[in-house]
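Residue-level listing of the chains:
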Amino acid sequence: MTVQSTDEAPPLPHVQRLFAVLADHRVLVSIVALALLPWLLPSKALAVNVLIYGVVVMGYNLLFGYTGLLSFGHAAFFGTGAYLAGIAIGRWGLPWFAAVPLAVACSTILGAVIGTISTRTRGIYFSMVTLALAQLVYYVALQASSFTGGENGLRGFTVDHINLLGVQLNFLDPLNKYYVLMAFAAVAIWVQSRILNSPFGAVIEAIRENEQRARACGYDVERCKLIVFMLSGAISAIGGCMSALHLSIVPLDILHYQTSGMIVMMVLLGGARSFFGPFIGAASFLILEDVVSLWTPHWQIVVGAIFVAFVLFLPKGIWGTFLDVLPIARERR
Amino acid sequence: MPRRDTKLRRTGVSRRTALMGMSAGLASLAMPRLGRAADDTIRIGFPTPLTGPFAAEARDQVKCAELAVKLVNDKGGVAGRKVELLVRDDKLNAGEAATRTLELIEKDKVHAVVGALSSAVQLAVNEVTRARSVIYVSISQSDTINEAKDFSKYTFHEALNPHMTTGAVARQTMKKGMKVAHLVADYAYGHEMLRGFKRAQGTIGAETVGEILHPFGAADYSTFMPRLMSLRPDVLCISNFGRDQANAIKQAVDFGIKQQMKIVVPVILHNQRLAVGPDVFEGVVGGANYYWGLETQNKTAAEFNAAFRAANGGAIPTDYGAYGYSGVGSLLQAMQAAGGTDTDKVIAALEALKYDLTKGPQQYRKCDHQSVQSVLVLESKKKSAMANDNDLFAIVASDAGTEDLLRSCSELGHPT
Chain A
0 MTVQSTDEAP PLPHVQRLFA VLADHRVLVS IVALALLPWL LPSKALAVNV LIYGVVVMGY
60 NLLFGYTGLL SFGHAAFFGT GAYLAGIAIG RWGLPWFAAV PLAVACSTIL GAVIGTISTR
120 TRGIYFSMVT LALAQLVYYV ALQASSFTGG ENGLRGFTVD HINLLGVQLN FLDPLNKYYV
180 LMAFAAVAIW VQSRILNSPF GAVIEAIREN EQRARACGYD VERCKLIVFM LSGAISAIGG
240 CMSALHLSIV PLDILHYQTS GMIVMMVLLG GARSFFGPFI GAASFLILED VVSLWTPHWQ
300 IVVGAIFVAF VLFLPKGIWG TFLDVLPIAR ERR
Chain B
0 MPRRDTKLRR TGVSRRTALM GMSAGLASLA MPRLGRAADD TIRIGFPTPL TGPFAAEARD
60 QVKCAELAVK LVNDKGGVAG RKVELLVRDD KLNAGEAATR TLELIEKDKV HAVVGALSSA
120 VQLAVNEVTR ARSVIYVSIS QSDTINEAKD FSKYTFHEAL NPHMTTGAVA RQTMKKGMKV
180 AHLVADYAYG HEMLRGFKRA QGTIGAETVG EILHPFGAAD YSTFMPRLMS LRPDVLCISN
240 FGRDQANAIK QAVDFGIKQQ MKIVVPVILH NQRLAVGPDV FEGVVGGANY YWGLETQNKT
300 AAEFNAAFRA ANGGAIPTDY GAYGYSGVGS LLQAMQAAGG TDTDKVIAAL EALKYDLTKG
360 PQQYRKCDHQ SVQSVLVLES KKKSAMANDN DLFAIVASDA GTEDLLRSCS ELGHPT
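From first to last, the protein sequence lines stand for chains A and B. Take the first sequence: its letters are residues 0 to 332, numbered as in numbering that gives the first Met the number 0. Take the second sequence: its letters are residues 0 to 415, numbered as in numbering that gives the first Met the number 0.
Honestly, the hints are just simulated from the structure, not real lab data. The C-beta atom is built at its ideal place from N, Cα and C for all residues, glycine as well. Hints may contain errors.
[As the list claims (entries may be wrong)] So the derived label-pair ranges between C-beta atoms look like this:
#, chain 1, residue 1, chain 2, residue 2, range
1, A, Gly303, B, Ala217, 23 to 29 Å
2, B, Asp38, A, Thr120, 37 to 43 Å
3, B, Ala217, A, Arg214, 45 to 51 Å
[As the list claims (entries may be wrong)] Below, computed lysine-lysine pairings styled on DSBU-like, alpha-carbon distance capped at 35 Å:
#, chain 1, residue 1, chain 2, residue 2
4, B, Lys69, A, Lys43
5, B, Lys69, B, Lys249
6, B, Lys174, B, Lys381
7, B, Lys175, B, Lys344
8, B, Lys81, A, Lys43
9, B, Lys62, B, Lys249
10, B, Lys106, B, Lys298
11, B, Lys106, A, Lys43
12, B, Lys381, B, Lys249
13, A, Lys43, B, Lys62
14, A, Lys43, B, Lys108
15, B, Lys152, A, Lys43
16, B, Lys197, B, Lys69
17, B, Lys380, B, Lys197
18, A, Lys43, B, Lys344
19, B, Lys381, B, Lys178
20, B, Lys148, A, Lys43
21, B, Lys74, B, Lys108
[Unchecked claim] Partial pick of chain B residues on the chain A-facing surface, computed with a CB cut under 10 Å:
#, residue
22, Gly94
23, Glu95
24, Arg99
25, Ile104
26, Glu126
27, Arg131
28, Ser141
29, Ala187
30, Ile211
31, Phe215
32, Ala217
Please put together the full structure from these sequences, using the hints given.
Shown next as structure tokens:
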């Protein structure tokens, strides 16, 4: 990807011109792709999960893929979003459309707190600090059992009907549910695209590439890191709200560090630094788990082996590798 | 023709290329839908933790549930329809279990769900089935699921509950004035067992001298043992499950605790006793829903054992396995009585059902759908007293199944 070769772009073949147009509308194209998902996957519940984890991983990718900050505690935002949405609906009696923004706002504040502490460190120390603070959130949820249900998880906030401009939608119907939740995902995708297209998006990528140089250019690196941490947490919290609405429960496992690990695995599998990679990663991981565990109780061996193979042979993930291969194919033509 | 600055052009390329393969990516996601059974089949969903620390118990449950289905199918099915069991791995994770249950209901169109093996998981399954009006027979110990807050008219609790097992064990092992110490796994199961023991102690008049919580899945209990010994209790109650139970008892024995006090557990697990051996478990007393040795005194148990042996190469059924058999079996009997799978009729049939599948008469109490059943109290035999490798326990008591074993409906918050 050198910059010198841009003065005279060769005329593109038709197919590639089409893709170039599609690329200019990545939000729309991503949404259309996701809209087809329920018909492509073996079950609607799986499709909803791909949507949810796709959004969570996308939020994480903003931090990890685009800014280069490897957080090990992203489950904190996923879980906080889910818990607060559930508590707001079940305990405070708020309607879902008020509960979701509230949950996202609180998660952003949590992002500010965790971000302020953790972005003072770098490298492995950053990862460890985020992990420790996320575990803190886990234990708060475990101990505050009168609020969160503790070990048994949060229950009692089933949303079975949604009032959309006067039309009563049966939210228990899997397809209705999918498309309502897809609206949340669409907002998250649009926000992410706006962030990445803005000058701020360029700055965080500059920080990833060379922090010293970004600082030398006059950017306030610390503040940018904090802001991206908050934005990343907010987007992941949208995924958390979707999960709460989807399952009608919030299991305590959602805050466990294994969930954070799963988010990292998904982003590596799909390909960090790519816009649609998180969804590909979430889909591949969940489909593998879902399908293989139907065949054998030893699914962990199969999924683990495949993951190792990907890390060894496709370090840029499925989508990242795909994107790498494409320009070569174009040059050969 | 550069219409953008170089920075945006760079993202433009990656964006374009990102979309190039979208169709290919989606094509790779597409996969043949897994086949669904013919529509007149009765389908029962069975989420259970085939992976994770309770995998041994889960595998036994699957074997027994399959046996219950096979026996019914051999006799021509339920109301002339074949029965199919759809086993799913819930990975001992409540979120996963809820997703699997949603799949079973939405995609596989199951007529009922049986299963789950931990408190959090069964409450998750309960929430999903309740919202969708699907019958659920829970086969894991829980007190919460019977309480009015979590009650669902679609949910039946076939397993014993902590109140029942701790009560039976305490009545057998404790006397007025005894000192009792508790080692408790710090999660819902442990807390419910502790609550049950303390309640029973209150009636008996035994005094609690200490409670120590340990994290779920702890491998090392050595730090707790000196503290427990310093409390000088007469009885030590170890309230944990699965491998935790085996590890905790093993280390208690290493510390010589048995010479000082009696070790009791709310539920004594067949598989953990097999895993650790007779020397460690010798003399440990615990409650159980089932033990194969019941066959000498109970005709139903003998029949159940015989059927299980025939289907599994001479192996014997375990305690948690028996839940799989009685959970699925009672549901199928109710469906037979209701003449099909109509939800309201099956609920009415389950409420009216008197069944005897593994160990004597059982029935579901109407107010909270808890199965009223006998509770066994078992003592682990020493090696020299064992007649063969499967002769693990002596049955020291069998409390007959009456409502006295349960908390009252009004106490659980149900309208009476």
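Each hint tested on the structure:
One distance hint, 23 to 29 Å for the beta-carbon pair Gly303/A and Ala217/B, holds here, with the actual separation near 25 Å. At about 60 Å, the CB distance of Asp38/B to Thr120/A disagrees with the hint of 37 to 43 Å. The hinted range of 45 to 51 Å is satisfied by Ala217/B and Arg214/A, whose Cβ atoms lie roughly 46 Å apart. With a C-alpha separation of about 30 Å, the suggested pairing of Lys69/B with Lys43/A holds against the 35 Å cut-off.
For the proposed pair Lys69/B and Lys249/B, the alpha carbon gap of about 38 Å is over 35 Å, so the pair is violated. Distance hint between Lys174/B and Lys381/B is fulfilled; the C-alpha atoms sit about 24 Å from each other, no more than 35 Å. Using a Cα cut-off of 35 Å, the hinted pair Lys175/B and Lys344/B is violated, with the two alpha carbons roughly 48 Å apart. Distance hint between Lys81/B and Lys43/A is fulfilled; the C-alpha atoms sit about 26 Å from each other, no more than 35 Å.
Distance restraint check for Lys62/B and Lys249/B: the Cα-Cα separation of roughly 28 Å lies within the 35 Å cut-off, and the hinted pair is therefore satisfied. The hinted pair formed by Lys106/B and Lys298/B fails the criterion: a straight-line CA distance of about 40 Å is larger than 35 Å. Between Lys106/B and Lys43/A the alpha-carbon distance is near 8 Å, which keeps this suggested pair within the 35 Å criterion. Taking the CA atoms of Lys381/B and Lys249/B, the gap is about 15 Å. The hint holds against a cut of 35 Å.
Straight-line distance between C-alpha atoms of Lys43/A and Lys62/B comes to about 29 Å, which keeps the hinted pair within the 35 Å bound. For a cut-off of 35 Å, the pair hint linking Lys43/A to Lys108/B stands: about 13 Å separates their Cα positions. Distance restraint check for Lys152/B and Lys43/A: the Cα-Cα separation of roughly 26 Å lies within the 35 Å cut-off, and the hinted pair is therefore satisfied. Note on Lys197/B and Lys69/B: the hinted pairing is violated, with a Cα-Cα distance of about 42 Å set against a maximum of 35 Å.
Among the hinted pairs, Lys380/B with Lys197/B is consistent with the structure: their alpha-carbon atoms are about 27 Å apart, no more than 35 Å. Of the pairs offered as hints, the one joining Lys43/A and Lys344/B holds, with about 29 Å between alpha carbons and a cut-off of 35 Å not exceeded. Only pairs whose Cα atoms come within 35 Å are accepted, and Lys381/B paired with Lys178/B is accepted, the gap being roughly 25 Å. Restraint check: the Cα-Cα separation between Lys148/B and Lys43/A comes to about 29 Å, which is no more than 35 Å; the hinted pair holds.
The straight-line distance between the Cα atoms of Lys74/B and Lys108/B is roughly 24 Å, inside the 35 Å bound, and the hint therefore holds. Proximity of Gly94/B to chain A holds as hinted, the smallest CB-CB distance being about 4 Å (cut-off 10 Å). The beta carbon of Glu95/B is positioned within 10 Å of a beta carbon in chain A (closest approach about 8 Å), and the interface hint is therefore held. Checking Arg99/B against chain A: minimum C-beta separation of about 8 Å stays under 10 Å; hint holds.
At its closest, the beta carbon of Ile104/B sits 9 Å from a beta carbon of chain A; the interface hint therefore holds under the 10 Å criterion. At its closest, the beta carbon of Glu126/B sits 5 Å from a beta carbon of chain A; the interface hint therefore holds under the 10 Å criterion. For Arg131/B, the interface hint holds, the least distance from its beta-carbon to any beta-carbon of chain A being 6 Å, beneath 10 Å. Because the beta carbon of Ser141/B sits about 9 Å from the nearest beta carbon in chain A, less than 10 Å, this interface hint is met.
With its C-beta approaching chain A no nearer than about 4 Å, Ala187/B sits inside the 10 Å limit, and its interface hint holds. Here the hint on Ile211/B is broken, as its CB sits about 17 Å from the closest CB of chain A, past 10 Å. Interface restraint check for Phe215/B: the shortest CB-CB distance to chain A comes to about 8 Å, inside 10 Å, so the restraint holds. Annotation: Ala217/B was flagged as interfacial toward chain A, and the flag is violated, the nearest CB pair being 15 Å apart, outside 10 Å.
The structure fails to meet hints 2, 5, 7, 10, 16, 30 and 32 from the earlier list, while all remaining hints are met.
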